[in-house]
Amino acid sequence: MRPILLQEPDPDHFAGHERSLTQIKFNREGDLLFTCSKDSIINVWYAHNGERLGTYDGHNGTVWTIDVDSSSRFLVSGSADNTMRLWSVETGKCLFFWEFPTAVKRVAFNEEDDQVVCITEQRMGHQGAVRVFEINRDGDGTNQSKEPISMFNPVGSKAVVCAFAHTNDLIITGHESGKVSLFDAKSGEEVQLNEHAHRDTVTDLQLAPDRSYFITSSKDKTARIHETRTLTVLKTFVTETPLNSAAIAPGKPYILLGGGQDAMSVTTTSLRQGKFETRFWHKVLEEEVGRVKGHFGPVNTIAVSPKGDCYASGGEDGFVRVHHFDETYFRAKPYGDLEIED
Amino acid sequence: MASNGVNGAFHDDEEIDYSDIEAKYQVEYDESFDNILVVDGVPIIDKAKLEKLLQKIAKDFSRKGCPIKPDNITVPWNDAAGKSKGYLFMEFSNADDAARALLTMNGHAFDAKHTFLINRFTDFERYLNVDETYHEPAPEEYKAKEHLRAWLGDPQGRDQYATYRGDDVEVHWHGKPSQCEVAYSKPNWTDLYVSWSPMGTFMATLHRQGVRLWGGTSWEPQQRFAHPLVKLIDFSPNEQYVVTWSFDPIVVREGAEQGPQYFSPEDEGNNIAVWDIRTGHLLRTFPSAYAEGGEEKKQMPWPALKWSPDDKFVGRVTPGQQISVYELPGMHLQGKKSIKIEGVVDFEWRPMGDKDREDMEKENKAAANGTPIKSKKAWENMLAYWTPEVQNQPARVTLSSFPSREILRQKNLFNVTECKLYWQNQGDFLCVKVDRHTKTKKSIFCNLEIFRVREKDYPVEIVELKDTVTDFSWEPKGERFALVSSSDPNLGNPGPGITIKTDVSFYQLDRTKGDFKPLKTLPARTSNTVRWSPRGRHVVLATVGSSSKSELEFWDLDFTADETRREGAPWGTGIQHLGTADHYALTDAEWDPSGRYLATSASAWRHTLENGYAIWDFRGQELEKHILDRFKQFLWRPRPPTLLTKEQQRQIRRNLKEYSRVFDEEDAAEESNVSAELIAHRKRLVDEWNAWRVRCKEEVAEERRKSGKKSEPAKEKAVEEKEEIELWIDEVIEQIEEEIVE
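Residue numbers (this note's numbering), protein chains in the order written: chain A, 526 to 867; chain B, 11 to 752.
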């Protein structure tokens, strides 16, 4: 099926995103798509036709990260304006905001939607910090506590991505040095670590639906699947380009990888040289299955619908491309009749 | 004794034993007579002429670079006769000087009657003491050498190729997917690059110290040529000789090793050296010749020395003056004089055809049997050269036989800017690509002057073209050629991002008329390189060295025709496009010696984008592709000409079906083998994964039960109801308003 470009047809009117995308998220039903970008706007779109439903206005700087809860009620976002905001998905109203000394690089809900973890950047004399907040789901959501229920500063290389692990008292972090760690959410103690999970910055971390394994992508041109409990590397996917994002396709044994030359060196390389394709790899066999072209710049973020019927990629070029899988994607068995457990 | 010792202790020098120190620091006086030479063959004179003789001898020695003073020459005297004894002693300052004098002056012709014979003084004693009884020398133990062409005996008939990446040189076997393997690899094998000899027997590596040749199955060093800072290398066609070039002129250091394998002081200042491969001996050196008025910055024309196809002669052009041809193995100027040609720019030897080679071999065999059959006409080498327009003289292309130096054919040309000589590889045709300018000298167009060398009187045919021809190539062993022409205004102004538009045309000899006619023209391409398969018929057009285009086009020129039908087929119908491929930023394309595969490579010497190599079959299907950082060089190992006779080859072709059945079976067996292995591997991976997932799911369920959470969300999902949406669409297709007039 033809991909949908998330962009308003009228060029005078404000169109989609004006700057590079930073993160994309589907809601749990896979019908809504949330995108955020460096132009400080968060958009929500209908996934099936690419029509824009609305925006969440309020941030005054690059929106680095978003996450939506499983009931599509609350949206949480983190931005370079040093705030983390809680939005009502339905009305687009900002319900609450937390202010920090530095920019917020990553936010994530837990499975029960009652906690949010966020990473703030290490800058201007402030240490990088991981904070966990309680979300009060009663009422209209404006009544939130300013104080985190826990906070800790990971020492050593700074953390860049994070998520709740299989239980709420463990947080997975990916670090600039390529380290992947498990922290105790309350004490901030490093419970488990894999110092050399990657050889360069970890750029993305996405969990499997049951949180028993997760995938990381890195600038070292590889993506890896780790077991959440032990942080053992299960699978490694070696590509020839720095990776910015990795996602797990539900229902099919594939993973999606996106990346490309650094934004800095893009102008000096040709489109072909940039390798701005989304790559499909077989999750278990570690073989590349296919590629989807389209972006004019590096792919910054990829998300697959929890239903497994479509995926979206956001690029440095400011475009979000939503691809619905063809019938053949579901029918094709490129590796014969191998039954693979999801 | 009134001396006060230090700290009250008294030393008595006499008592200390210094003998060990003395022994250690003893200056060793050279007491041998190594620096004394005995010179024999000196004229016998009387006293009156002594001084004059000594001065003359000293002068002769000094001129050759071995200065000696008359005072250091001792002349033994026959007092009874009052005459000298005909020999004398020379004392040099050291043994090295003496050795050099011995080397250079031994055999020196002093005058018409007298030739110097020089020996070391010490040798006399040594030879006097030689034991007179004969000892039979112990025979050297026989060591089997490796066969230098062992790779041809590969049971699978695979070809080899060499790759040079980073500091590593690797030799690979190329065959079916499962048979591709590294035959040999060695880090830091070369300092500059590697090169195969023309028949693939040797691999040459270039180092600071010189060239080294390697060969055999274990890649033992076979030969070396000490040419310091060597940059370029060229083999003779039959692998008997090698030519090396270094930008830096040869310098012979004081006390450098001397001998037939090393440079002697006479070679100083030269750049080009010719070597014998079998013995490793240096044959001769030359200075580099640059075109007239050319600066040193100009690129070195290479090969600087051109070999005749039988390795008997090597020629060298002195631009504007002459062609000098040297006879091997002595490397003496043939006929003791060069061929003087006013204004000569370039020349080419005519290649030897397979048939000529066969005839020659037959003749040689007959001669060896002692029954010399004089065949109709013995093979004689042929030279083609051209001279540009000078004043009122037209430009001229000449065919000349060699060594008889008979001019066979001359052709005058006008308004010539530049000529290029292209021989077809069998020596059947010579194409002279003439770049011509109009009277105003503004625009350049092109003529092809094709000499049909096998025919009587060497008829010339002219193909006129309007555009500039950028590349020309003959089909090997064929009667066709391909040319790349362009009328692009950007031609000649290369710039970043400019890809020049070109047309590619094929021409073929029309047997009925005996002239060349166009077969097909492919307009509006970007291809700038034509690569014929070494067996002819297949050809690849490539866009090389462009940053935006990198297309490869595979063509077959005899697609419809079997050999039998070729004659009758309509003109130009056999040409067929087989496939198109793309190798980003390729810099080189090369066919394997069998003409079945094409290798393309992107070398880090040119740029650093996606370096690596790919191998394609003749239809343009990619077989292998390797993207490797710092990849530099890809070279197929050439093969020597086949040993099978024409008849045997025909036999094989006739029974091809028989043979191919065997190979097909092998292929099928292998394929199933490979896929079985792969399937098993995949199955194992999947089984491991599934087992892990099952375990994982149990753990997750367990944990959830413990923490008293709701059951798995996955189950929940399954229960989820499907929502049915009914959509009613009202669409007005057409509205017609009708007025009804009553």
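Don't take every hint at face value.
Claimed, not checked - Below 27 Å or equal to it, Euclidean Cα-Cα: the simulated DSSO-like pairs (lysine-lysine) are: (1) A:K563 with A:K711; (2) A:K858 with B:K693; (3) B:K466 with B:K559; (4) A:K550 with B:K707; (5) A:K746 with B:K527; (6) A:K800 with B:K559; (7) A:K818 with B:K527; (8) B:K527 with A:K858; (9) A:K760 with B:K693.
As the list claims (entries may be wrong) - Simulated restraints on C-beta separations: (10) A:R754 with B:S685: 28 to 38 Å; (11) A:F855 with B:D178: 41 to 51 Å; (12) B:E230 with A:G815: 44 to 54 Å; (13) B:E634 with A:T761: 17 to 27 Å; (14) B:Q189 with A:Y571: 29 to 39 Å; (15) A:F855 with B:I746: 18 to 28 Å; (16) A:F855 with B:W702: 42 to 52 Å; (17) A:E554 with B:H691: 36 to 46 Å.
None of these hints come from the bench; they were simulated from the model.
Even glycine gets a Cβ: it sits at the ideal position worked out from N, Cα and C.
So, going through the hints one by one against the coordinates:
1. Distance restraint check for A:K563 and A:K711: the Cα-Cα separation of roughly 32 Å exceeds the 27 Å cut-off, and the hinted pair is therefore not satisfied.
2. Our distance criterion of 27 Å between C-alpha atoms is met by A:K858 and B:K693, whose separation comes to about 14 Å.
3. Restraint check: the Cα-Cα separation between B:K466 and B:K559 comes to about 46 Å, which exceeds 27 Å; the hinted pair is violated.
4. Of the supplied pair hints, the one linking A:K550 and B:K707 holds, its CA atoms being roughly 25 Å apart against a limit of 27 Å.
5. With a C-alpha separation of about 54 Å, the suggested pairing of A:K746 with B:K527 is violated against the 27 Å cut-off.
6. Between the alpha carbons of A:K800 and B:K559 the distance comes to roughly 16 Å, so the proposed pair stays at or under 27 Å and holds.
7. The suggested pairing of A:K818 with B:K527 is violated, with an alpha-carbon distance near 45 Å, which exceeds 27 Å.
8. A distance of roughly 53 Å separates the Cα atoms of B:K527 and A:K858; the hinted pair therefore is violated under the 27 Å criterion.
9. Our distance criterion of 27 Å between C-alpha atoms is met by A:K760 and B:K693, whose separation comes to about 16 Å.
10. Roughly 36 Å separates the CB atoms of A:R754 and B:S685, a value that falls within the hinted 28 to 38 Å.
11. The hint said 41 to 51 Å for the Cβ distance between A:F855 and B:D178, and at roughly 46 Å that hint holds.
12. Range check, B:E230 to A:G815: about 48 Å between beta-carbon atoms, so the 44 to 54 Å window is met.
13. Take B:E634 and A:T761: their Cβ atoms lie about 23 Å apart, and the range 17 to 27 Å holds.
14. Checked against the hint of 29 to 39 Å, the pair B:Q189 and A:Y571 fails, with Cβ atoms roughly 55 Å apart.
15. Between A:F855 and B:I746 the beta carbon distance is about 46 Å. The supplied range of 18 to 28 Å is therefore violated.
16. Judged by the Cβ atoms, the range 42 to 52 Å given for A:F855 and B:W702 is violated: they are separated by roughly 25 Å.
17. Checking the proposed 36 to 46 Å range against A:E554 and B:H691 shows it holds: the Cβ atoms sit about 38 Å from each other.
When held up to the earlier numbered hints, the structure conflicts with 1, 3, 5, 7, 8, 14, 15 and 16 and fits the remainder.
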